[in-house]
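Colleague: The chain contents come next:
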Amino acid sequence: MGGLEHATPGILLTIACAAVILFVQLRRATRRGDHFIRRIAGVDAVEGAIGRCAEMGRPVAFTTALTDVGPVLYACLGVLHSVAKRVAQYKLKLVVPQYSPEAMAIVEDSVRDAYNDAGRGAAFDPQSIVFLSSEQFAFASGYMGLIHREKAGAAFLFGVFAAEALVLAEAGQQVGARQVAASVSPEQVAFFICTCDYTLIGEELFAASAYLSREPVQVATLAAQDRVKLLFAAIIVVGVLLATLGALAPGITLPSIERFFTASWSDLL
Amino acid sequence: MERPAVSERQPIDRRAQVIRAFTLLGGVYFFLYFILPETAAESLGIKARHEAISNGFIVIGAMAVGLGLFNLVSAHGSRIAFARKGWAYSLALLVGLFSMLAVTAAQWRQSLGITAEARKAQIVGEFAQRIVQDAESHAAAPALAVRAAALRAYADGLLDQIGATLLVGPPAETPLGIELRAAAASLRGSLPRLEAVPGESLSPEGKGALTDVGRAGELLSAALGAFLRQESSSTMVQQLYTLLYEGLFNQLGSAMFALLGVYIAAAAFRAFRIRTVESALMMAAALIVMLGQISLGQLISDELPAMRQWLLEVPNSAAFRAIRLGASVAALMLAIRMWLSIESGSFSSRKR
Numbered sequence: 000m001g002g003l004e005h006a007t008p009g010i011l012l013t014i015a016c017a018a019v020i021l022f023v024q025l026r027r028a029t030r031r032g033d034h035f036i037r038r039i040a041g042v043d044a045v046e047g048a049i050g051r052c053a054e055m056g057r058p059v060a061f062t063t064a065l066t067d068v069g070p071v072l073y074a075c076l077g078v079l080h081s082v083a084k085r086v087a088q089y090k091l092k093l094v095v096p097q098y099s100p101e102a103m104a105i106v107e108d109s110v111r112d113a114y115n116d117a118g119r120g121a122a123f124d125p126q127s128i129v130f131l132s133s134e135q136f137a138f139a140s141g142y143m144g145l146i147h148r149e150k151a152g153a154a155f156l157f158g159v160f161a162a163e164a165l166v167l168a169e170a171g172q173q174v175g176a177r178q179v180a181a182s183v184s185p186e187q188v189a190f191f192i193c194t195c196d197y198t199l200i201g202e203e204l205f206a207a208s209a210y211l212s213r214e215p216v217q218v219a220t221l222a223a224q225d226r227v228k229l230l231f232a233a234i235i236v237v238g239v240l241l242a243t244l245g246a247l248a249p250g251i252t253l254p255s256i257e258r259f260f261t262a263s264w265s266d267l268l
Numbered sequence: 000m001e002r003p004a005v006s007e008r009q010p011i012d013r014r015a016q017v018i019r020a021f022t023l024l025g026g027v028y029f030f031l032y033f034i035l036p037e038t039a040a041e042s043l044g045i046k047a048r049h050e051a052i053s054n055g056f057i058v059i060g061a062m063a064v065g066l067g068l069f070n071l072v073s074a075h076g077s078r079i080a081f082a083r084k085g086w087a088y089s090l091a092l093l094v095g096l097f098s099m100l101a102v103t104a105a106q107w108r109q110s111l112g113i114t115a116e117a118r119k120a121q122i123v124g125e126f127a128q129r130i131v132q133d134a135e136s137h138a139a140a141p142a143l144a145v146r147a148a149a150l151r152a153y154a155d156g157l158l159d160q161i162g163a164t165l166l167v168g169p170p171a172e173t174p175l176g177i178e179l180r181a182a183a184a185s186l187r188g189s190l191p192r193l194e195a196v197p198g199e200s201l202s203p204e205g206k207g208a209l210t211d212v213g214r215a216g217e218l219l220s221a222a223l224g225a226f227l228r229q230e231s232s233s234t235m236v237q238q239l240y241t242l243l244y245e246g247l248f249n250q251l252g253s254a255m256f257a258l259l260g261v262y263i264a265a266a267a268f269r270a271f272r273i274r275t276v277e278s279a280l281m282m283a284a285a286l287i288v289m290l291g292q293i294s295l296g297q298l299i300s301d302e303l304p305a306m307r308q309w310l311l312e313v314p315n316s317a318a319f320r321a322i323r324l325g326a327s328v329a330a331l332m333l334a335i336r337m338w339l340s341i342e343s344g345s346f347s348s349r350k351r
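Top line first, the protein sequences correspond to chains A and B. Here the first sequence is numbered in numbering that gives the first Met the number 0, starting from 0 and rising by one per residue. Here the second sequence is numbered in numbering that gives the first Met the number 0, starting from 0 and rising by one per residue.
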């Protein structure tokens, strides 16, 4: 629905349903806290990669690449917070190369908080959050240089990526870093699968933070998004059935799912 | 549940409260704009102000560039000052940064001057059009003949200035110089017709004369802009800008992009080693897609291009859509949570 400026009644109803599901899950999580999260190998590997850096005495790199301020960045921050806390506990060096200056301020705040949570607030170095460039390939070359100079032991690539994805992942591969990537850009997933040790695909990026923290609000969000996805799957199945029936029996007038989402207010009134 | 004693309560974090309030208000605005039907947004006057409000958010974002600049100067400046490891790279970066900033600022200043000069000729066209519009709408304005005389005096002055400063020497003989001379001659030729503009109401002849002067003014503005840009291309500032931006910056970006070719080959070598069923499937699919893309594939089998198309349009599209749907639903959930500030220490202890 790219470029949609005003919601249609169908879309508004769907958003309302999603919000209700979220609130129901939040209530359930805060009262009972009995949500189950399946094992995600890539997220388990985060811990292992940091442990490896501690053994080797090498720094940890975490980049949100082209991610701008928005939901994806906040999903990445959940993971960054866990990584930074662990890095602080193990007294390792953390480098967080930045592409977006807006995101940089938020990232810095998050890393500082993680160090404070680990009880090592004084060890936080603001210069570990390095602004490289807002130009895609200038950022990529800066990242490559940084990873090679610092000889990172682990590199976490979380967020939105474009053509520079392979350049970043290859840089980590060249210095022998343990790499975990997570991207919401499906085009780049194949590159990460080829180059990184573990790859989180699409929504797993959003689940990673909840998995690492087990924090009720995040786990409830994860449960809610699974239920909303089920709702969408049901809508797709119903839509396919209706369209098939409509094609098989042209004489019968059936409701259209497409029309439900595209009909405007003026069509209804 | 018992209320905690006053001394045990958490201190109120005013900073977090302000952030939450702004997030909520911003979210309410954009949410309302999204859910309101277009007609309702128009009648409430939101639609008319939406662009200005959206531009305001862009301006705030642009301010953040200063943060990036500050971070760069602070991180690399301190490395140079304390001669830390890799200080030479930092020096190269800061020299590059400030050289580019200085040259771009000078080039921007130069282009502002060109725009201002071209604007002088544009005023001729706009003034002529304005006289016609005011006369047709009977707007309160000085007499037509007075305004036409003022237009002629301004245009004559401008043409004299162009003739004396620009249309002399070798640059005037270049194609753009000849074009500028022709545009200036066209405007000068149309000016005497302004005498036909009467003092009271606008006659068809007067309107025709003003329209012709307006068109000639616009043509002169375009020709003047092109001529001045050509003139400035030989200045040191423009040459430095071209060298740094087109000669270095763009080329370095292209070099990085070209590296992708090498990396794709290296990554493919690692990925296509058949060790599991999944990697065998990936290898087979990649082979079909690659062979189906090139004419050699068609020589092997006529079915290969169709198989490639099917692979891309059916399984590949299905997987892409599933990933996008999952990520979009997750983003929607997180957006609702962020908007209402339902956080409990997920990425910042301060938000507890």
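These are computed hints drawn from the structure, not numbers from a lab. Careful, some of the hints might be misleading.
[To be verified] For lysine to aspartate or glutamate, the following EDC-like pairs were computed, each having C-alpha atoms within a straight-line distance of at most 20 angstroms:
#: 1; chain 1: A; residue 1: Lys150; chain 2: A; residue 2: Glu186
#: 2; chain 1: A; residue 1: Lys92; chain 2: A; residue 2: Glu107
#: 3; chain 1: A; residue 1: Lys228; chain 2: A; residue 2: Asp266
#: 4; chain 1: B; residue 1: Lys84; chain 2: A; residue 2: Glu149
#: 5; chain 1: B; residue 1: Lys84; chain 2: A; residue 2: Glu46
#: 6; chain 1: B; residue 1: Lys46; chain 2: A; residue 2: Glu149
#: 7; chain 1: B; residue 1: Lys84; chain 2: B; residue 2: Glu50
#: 8; chain 1: A; residue 1: Lys150; chain 2: A; residue 2: Glu54
#: 9; chain 1: A; residue 1: Lys92; chain 2: A; residue 2: Glu46
Colleague: Determine for every hint whether it applies to the structure shown.
Modeller: The hints, checked one at a time:
1. A:Lys150 x A:Glu186: The given pair, whose Cα atoms are some 28 angstroms apart, is violated under the 20 angstroms limit.
2. A:Lys92 x A:Glu107: Holds, at about 15 angstroms.
3. A:Lys228 x A:Asp266: Measuring from Cα to Cα gives roughly 28 angstroms; hence the hint is violated.
4. B:Lys84 x A:Glu149: holds, 11 angstroms
5. B:Lys84 x A:Glu46: The given pair, whose Cα atoms are some 30 angstroms apart, is violated under the 20 angstroms limit.
6. B:Lys46 x A:Glu149: Violated - the C-alpha atoms of glutamate 149 of chain A and lysine 46 of chain B are around 51 angstroms apart, more than 20 angstroms.
7. B:Lys84 x B:Glu50: Status violated; Cα separation ~48 angstroms.
8. A:Lys150 x A:Glu54: Status holds; Cα separation ~14 angstroms.
9. A:Lys92 x A:Glu46: Answer holds: lysine 92 of chain A to glutamate 46 of chain A is near 15 angstroms, not above 20 angstroms.
Of the numbered hints stated above, those contradicted by the structure are hints 1, 3, 5, 6 and 7, listed in ascending order.
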